Amino acid sequence: MSDTPDLDRYPELAERWSRRSFIKSAVAGTALLGFGGALMRLAADDLTRAARAENRPDGKPRLPPGQRVLEFLRPMGGDEGDGKTETFRLKVHGACKKPFEVDYANLLKLPQVEKMADVHCVTGWSMLGGMWKGVQLKKLAELAEMTEEARFVILEAAHGFTANIPMKEAMADNAMVTYRINGKPFSIDHGAPVRGLVPDLYFWKSSKWITGVKFVKNDAPGFWETRGYNNHADPWKEERYA
Amino acid sequence: MPDVKKRWRAWLRAIHRDFGYLAIGFTLIYAISGIAQNHIEDWGDVSFKATERTIAMAAIPPTTPEIVAVKSVADAVGLGTPTEHARAGDELRLDYANGSKATAILGTSETTVTIQARSRRPFIGLANWLHTARHKNAWKYIADAYAVLLLYLALSGIFMIKGRLGLKWRGTILITTGILVPVMYIGLAGGPDAQKDAVASTTSGEIHSVPVGIGAPKKESPTPTLTPTQEPDVKGPGSAVLVPLPPDDDP
Chain E
1 MSDTPDLDRY PELAERWSRR SFIKSAVAGT ALLGFGGALM RLAADDLTRA
51 ARAENRPDGK PRLPPGQRVL EFLRPMGGDE GDGKTETFRL KVHGACKKPF
101 EVDYANLLKL PQVEKMADVH CVTGWSMLGG MWKGVQLKKL AELAEMTEEA
151 RFVILEAAHG FTANIPMKEA MADNAMVTYR INGKPFSIDH GAPVRGLVPD
201 LYFWKSSKWI TGVKFVKNDA PGFWETRGYN NHADPWKEER YA
Chain V
1001 MPDVKKRWRA WLRAIHRDFG YLAIGFTLIY AISGIAQNHI EDWGDVSFKA
1051 TERTIAMAAI PPTTPEIVAV KSVADAVGLG TPTEHARAGD ELRLDYANGS
1101 KATAILGTSE TTVTIQARSR RPFIGLANWL HTARHKNAWK YIADAYAVLL
1151 LYLALSGIFM IKGRLGLKWR GTILITTGIL VPVMYIGLAG GPDAQKDAVA
1201 STTSGEIHSV PVGIGAPKKE SPTPTLTPTQ EPDVKGPGSA VLVPLPPDDD
1251 P
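Line by line, the protein sequences are chains E and V. Take the first sequence: its letter number 139 is residue 139 in the numbering used here, and every next letter is one higher. Count along the second sequence starting at 1, add 1000, and that's the number in the numbering used here.
For reference, chain E alone in the conformation it holds in the complex (with noise of 0.2 Å):
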């Protein structure tokens, strides 16, 4: 005799058996993917225990607290520009003596850097040792001639997004507006054509279909940092959230 109850003959016990059966069914689903999925990042995660191994120059450690190592710059939406070198124009403003704008083909008649940075998202994962060719957020400084009561750099772009820098971090010799990665240009998703780049703070701040790079006396937080994000952005201090 089976253990199985006479289903048939008794529908409400039925209704409550098979409700039961679901619900251990859906129980055992959960755990499996749960399982599979810790299973998943532990394999894939070689790269983060290396990098985490890893010192910078300056004595950080190479990979800010809770961040995880890809390979591959991860695209993360936004409201994208045209994409086109065409009608890509930079404006250099605010607070300096001589504003400029810059098309595309005179961008890359500037003075050019080639530098390795690492880059760190604020959902959590970082893309290290990316080669990053571009013109330093100094260089356009000195350019306008940027007056000394500048403090905050602000990175404009497409659709009125805005990205606040402290002059430390702008300043710094890794910071630029960058068309190329890799020896590659940027799909429109990564910014195309021309980007920000600005490695000390989460990747945020590195404005993507950059328009314009304004020198401001008063901090102004911009698009992230009026919602909820840290204005700062120091990945790592993880200053993430306000």
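Simulated from the structure, these hints should not be mistaken for lab results. Please read all numbers here as calculations on a predicted model, not as lab measurements. There may be inaccurate statements among the hints.
Unchecked claim - Negatives, chain E to chain V, calculated, CB over 10 Å:
| id | residue |
| --- | --- |
| 1 | F22 |
| 2 | I23 |
| 3 | A26 |
| 4 | G36 |
| 5 | T162 |
| 6 | M167 |
| 7 | E169 |
To be verified - Straight line, CA to CA, 25 Å or less: simulated SDA-like cross-link-like pairs of lysine to any residue:
| id | chain 1 | residue 1 | chain 2 | residue 2 |
| --- | --- | --- | --- | --- |
| 8 | E | K237 | V | A1189 |
| 9 | E | K138 | V | P1251 |
| 10 | E | K60 | E | E114 |
| 11 | E | K168 | V | D1248 |
| 12 | E | K109 | E | E142 |
| 13 | E | K217 | V | D1250 |
| 14 | V | K1162 | V | A1010 |
| 15 | V | K1049 | V | G1080 |
| 16 | E | K237 | V | D1193 |
| 17 | E | K84 | V | S1072 |
| 18 | E | K184 | V | A1076 |
| 19 | E | K91 | E | E225 |
| 20 | V | K1136 | V | L1149 |
| 21 | V | K1136 | V | F1123 |
| 22 | E | K91 | V | S1239 |
| 23 | E | K138 | E | E225 |
Beta carbons are placed, not taken as given, at the ideal position from N, Cα and C, and that holds for glycine.
We have chain E; now place chain V onto it with these hints.
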């Protein structure tokens, strides 16, 4: 009096049912795109399917007329005749009618061409686009209306059924569970401020120092370090033309 009570609950259920039907389309859009947004750090932006390939071809000397260079690159790319092209520095960019782009980096020993294309995924691409109401005029108000609809569904659900399946037993337990889950999470995780405290303790510790190379590009540089590879040695704008702008009113 009992009739009035019955009618009241019946109306609540009828409206709940109809609003539920109305909400199905919206809920599919917001729930599926919400899951995609939730896992953006794992999956990235899944709105588009992007492809990229790189080909190498013989070097194109700088003296080559632009039209000849464009034809050489277009032939190598094999996507037909480009609709637009532009030369800037060591780059030659070709745009195609289907949205594909080919960028040739004109090196001295060879030309490297990167061909990029992408297309919006049918459902999730549009759902993700709709999920953020920013810059969408009327959709912002439609999304607000959906939020109000959800509020009605949530609040009316409390009173739809009376007795043990309602607030007297099952309803109360499930409502309490639904409220307790986020409250307990905040309590156990410590809320937003706890993260800052945890970080302070993790970043003030000893620093390890085992230099191991990691990161892209692996082939060219298996042990990349964070040192500059090229420094500009040019004063002023070089040969670039900068268009002067009038000063800002509010720097």
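Structure-based check of each hint:
1. F22: Holds: least Cβ distance 16 Å, greater than 10 Å.
2. I23: Correct as stated: the minimum Cβ-Cβ distance to chain V is 14 Å, above 10 Å.
3. A26: holds, 16 Å
4. G36: holds, 13 Å
5. T162: holds, 14 Å
6. M167: E:M167 clear of chain V: closest Cβ-Cβ about 14 Å, beyond 10 Å.
7. E169: At roughly 15 Å from the nearest Cβ of chain V, E:E169 sits farther out than 10 Å, so the non-interface label holds.
8. E:K237 x V:A1189: holds, 18 Å
9. E:K138 x V:P1251: holds, 18 Å
10. E:K60 x E:E114: holds, 22 Å
11. E:K168 x V:D1248: holds, 23 Å
12. E:K109 x E:E142: holds, 16 Å
13. E:K217 x V:D1250: Between E:K217 and V:D1250 the Cα gap is close to 9 Å, so the pair holds against 25 Å.
14. V:K1162 x V:A1010: Holds - the C-alpha atoms of V:A1010 and V:K1162 are around 11 Å apart, at most 25 Å.
15. V:K1049 x V:G1080: Holds. V:K1049 to V:G1080 sits at ~22 Å (cutoff 25 Å).
16. E:K237 x V:D1193: Status holds; Cα separation ~13 Å.
17. E:K84 x V:S1072: holds, 21 Å
18. E:K184 x V:A1076: Holds, because 17 Å separates the two Cα atoms, which is no more than 25 Å.
19. E:K91 x E:E225: holds, 22 Å
20. V:K1136 x V:L1149: holds, 20 Å
21. V:K1136 x V:F1123: holds, 18 Å
22. E:K91 x V:S1239: Roughly 18 Å separates the two Cα atoms, so the pair holds.
23. E:K138 x E:E225: holds, 23 Å
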